[in-house]
Amino acid sequence: MAVTEQDGLKIWQRRDRNKQLSIWAGYFIAATVFVVCWQYMSGKTIWMFVWDAPRQAGDIAARMIPPKWSYVNTLWRTIWDTINIATLGTVMALFLAVPTAFCAARNTTPSVRFVRPIALFIIVSSRSINSLIWALILVAILGPGVFAGVIAIGLRSIGFCAKLLYEAIEEIDPGQVEAVTATGAKRPQILAYGIVPQILPAFAGISVFRWDINIRESTILGYVGAGGIGIHLSGSIANLAWTQVSVILLVILATVILSEWVSAKVRHSII
Amino acid sequence: MSAESITSNAVRRWQKPPLIKSPLLRWALWLGAGIYLALAFGTMDVNWSRAAEGIPRGARFISGFFPPDFISSWDEILAGLNESIWMTVTSTVVGIAISIPIGLGAAKNLAPAPVYYFCRSILALSRSFQEIIIAIFMVKLFGFGPFAGFLTLVIASIGFYGKLLAEDIEDMDPVQAEAIKATGGNWFQWLNYAIQPQVMPRMIGLGLYRLDINFRESAVLGIVGAGGIGATLNTAFDRYEYDTAAAVLLVIIGIVMLVEYTSGYVREKVQ
Chain S
33 MAVTEQDGLK IWQRRDRNKQ LSIWAGYFIA ATVFVVCWQY MSGKTIWMFV
83 WDAPRQAGDI AARMIPPKWS YVNTLWRTIW DTINIATLGT VMALFLAVPT
133 AFCAARNTTP SVRFVRPIAL FIIVSSRSIN SLIWALILVA ILGPGVFAGV
183 IAIGLRSIGF CAKLLYEAIE EIDPGQVEAV TATGAKRPQI LAYGIVPQIL
233 PAFAGISVFR WDINIRESTI LGYVGAGGIG IHLSGSIANL AWTQVSVILL
283 VILATVILSE WVSAKVRHSI I
Chain V
809 MSAESITSNA VRRWQKPPLI KSPLLRWALW LGAGIYLALA FGTMDVNWSR
859 AAEGIPRGAR FISGFFPPDF ISSWDEILAG LNESIWMTVT STVVGIAISI
909 PIGLGAAKNL APAPVYYFCR SILALSRSFQ EIIIAIFMVK LFGFGPFAGF
959 LTLVIASIGF YGKLLAEDIE DMDPVQAEAI KATGGNWFQW LNYAIQPQVM
1009 PRMIGLGLYR LDINFRESAV LGIVGAGGIG ATLNTAFDRY EYDTAAAVLL
1059 VIIGIVMLVE YTSGYVREKV Q
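Line by line, the protein sequences are chains S and V.
303 is the number that this note's numbering gives the last residue of the first sequence; the numbers go up by one with no jumps.
1079 is the number that this note's numbering gives the last residue of the second sequence; the numbers go up by one with no jumps.
Worth double-checking, as some hints may not be accurate.
Ranges of calculated distance between the beta carbons of each label pair, as one might list FRET restraints [unchecked claim]:
id, chain 1, residue 1, chain 2, residue 2, range
1, V, W835, S, W70, 53 to 63 Å
2, V, F926, S, I92, 20 to 30 Å
3, S, V104, V, R1047, 36 to 46 Å
4, S, Y59, V, E975, 20 to 30 Å
5, V, V983, S, F81, 50 to 60 Å
6, S, W70, V, A836, 48 to 58 Å
7, V, R868, S, G267, 26 to 36 Å
Restricting the straight-line Cα-Cα distance to at most 30 Å, the calculated cross-link-like pairs of lysine-lysine (BS3-like) are [unchecked claim]:
id, chain 1, residue 1, chain 2, residue 2
8, V, K829, S, K218
9, V, K971, S, K297
10, V, K971, V, K989
11, V, K948, S, K76
12, S, K297, V, K829
13, V, K1077, S, K51
14, V, K971, V, K1077
15, V, K824, S, K297
16, V, K971, V, K916
17, V, K948, V, K971
18, S, K42, V, K989
19, S, K100, V, K948
20, V, K989, V, K916
21, V, K916, S, K297
22, V, K989, S, K51
23, V, K824, S, K218
Treat the hints as calculated values from the structure; they're not laboratory data.
Idealized CB from N, CA, C, for every residue including glycine.
Whenever a hint applies, use it, and build me the whole structure from the sequences.
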């Protein structure tokens, strides 16, 4: 807040001069970085293709209509697989994320110096490698199929679930834990009666949230051979069967909307 | 206290109250989950012999990753990394710039009903497809290279940032907004002095978070030809140069960690 006086009039401004200037400097630096990056990127772009894009888009859209509805019948199996990949992957991730989260949370970890960094490294590396890359690796090891997809989704989700869960654990009310400790409870009992009831709603919310994201992710795993509806998508695109592609896209859209609706319902009933 | 009263007390044991109150619903949920899991595992048809074969194969595969080879294709890694960074920066800036008007329109307390539904449907649509699916189409339309990846990330950022911005505006304190209105401020002044200061700290944090996500996503867009370090990774896998792939993965993990720590630091300073 800065008030300056000019000809006996008080003029209010939200920030004083130096603060305003430093904010402008920040914007200036950000804009410069943006322009430089844009320059490099546009140097790597073939602009002729870009100008041609609207015509291409119209062409593809025209080929997609009308959708070949009868194709849905061959999709049921892969839709079921897609949902299974997401659900089983989430379940697997939760089993592994819970111990990781307890090791990573400052107030429950066995050792801040040794165990916590390892748990944090597990979380970061699982979060930074996309499920598609996990799938790429796992298909090479386990062979193509749903199983590789489940494990890929599971490995990718550990980091996400564990991160949110350990933040929830760090934010618990220490009073309850102390009260349970004061009754003479042992460590597992403190965990079961002092900590777990406090994080259970967060846990349920996180798992449904991640399940919803995983439905979306598992629709593309087929692209590298890890099962699910993505197999048909990549096949149809490769064969230029655009009327099939539009059916697949609509099915994916319906699945995603349905899963979002389910997760919103569950989260509302918990919180 | 006599021994008798202790034994008579011991009959009444305390039990933790269950999360779901109604026993019927509780058992129905357990049963449903059991049936679902049986069906899901039953239809997964894992090729166990292939998976077992995969274990020595996996060991060989993983030993191929060690030691990571940073040197022999360092130029390619650097080029891919540069491309990823350009894509990340430009797409975050453009995505946020576009998502601000859409987010304002999607806030229920700001926008009239038709605008609200229009903006919400844009957000829902841009969030429902996985980045890879969008990228496949962008590569088809705009040709290979970072521009397709840039557009993909812009679309993904709009959905993410616009939704969170709209939710944040809906949660704001209406008293401040009313106070500015009462001073006779026009619509832009109202936006600038009543709403922007309330949402800004959280939105800066989320912007940095989106930068982080965009970088991670840019690492996989290359698999479908949309440029970035993912292209380097995919090439390394295709050539069976697993030591180079390991180097790329380590670089990705390192940068994600760096971005995460910086953004965490900045977020703490801002909030």
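We went through each hint and held it up to the structure:
1. V/W835 with S/W70: 53 to 63 Å: With a Cβ separation near 59 Å, V/W835 and S/W70 satisfy 53 to 63 Å, so the hint holds.
2. V/F926 with S/I92: 20 to 30 Å: holds, 25 Å
3. S/V104 with V/R1047: 36 to 46 Å: holds, 39 Å
4. S/Y59 with V/E975: 20 to 30 Å: Holds, since S/Y59 and V/E975 (Cβ atoms, about 25 Å apart) stay within the stated range.
5. V/V983 with S/F81: 50 to 60 Å: Once the Cβ atoms are compared, 52 Å apart, the range 50 to 60 Å for S/F81 and V/V983 holds.
6. S/W70 with V/A836: 48 to 58 Å: holds, 56 Å
7. V/R868 with S/G267: 26 to 36 Å: Check passed, 30 Å falls within 26 to 36 Å.
8. V/K829 with S/K218: Distance of about 27 Å is within 30 Å: holds.
9. V/K971 with S/K297: Holds: V/K971 and S/K297 sit about 18 Å apart, inside 30 Å.
10. V/K971 with V/K989: Holds - the C-alpha atoms of V/K989 and V/K971 are around 25 Å apart, at most 30 Å.
11. V/K948 with S/K76: holds, 17 Å
12. S/K297 with V/K829: holds, 18 Å
13. V/K1077 with S/K51: Since the Cα atoms of V/K1077 and S/K51 sit roughly 15 Å apart, the hinted pair holds (cutoff 30 Å).
14. V/K971 with V/K1077: holds, 24 Å
15. V/K824 with S/K297: With a Cα-Cα distance of about 26 Å, the restraint between V/K824 and S/K297 holds, given a limit of 30 Å.
16. V/K971 with V/K916: Status holds; Cα separation ~12 Å.
17. V/K948 with V/K971: holds, 28 Å
18. S/K42 with V/K989: holds, 21 Å
19. S/K100 with V/K948: holds, 21 Å
20. V/K989 with V/K916: Between V/K989 and V/K916 the Cα gap is close to 18 Å, so the pair holds against 30 Å.
21. V/K916 with S/K297: Holds, because 20 Å separates the two Cα atoms, which is no more than 30 Å.
22. V/K989 with S/K51: Distance ~26 Å between V/K989 and S/K51 Cα, so the pair holds.
23. V/K824 with S/K218: holds, 16 Å
In the structure shown, no violation is registered for any of the earlier numbered hints.
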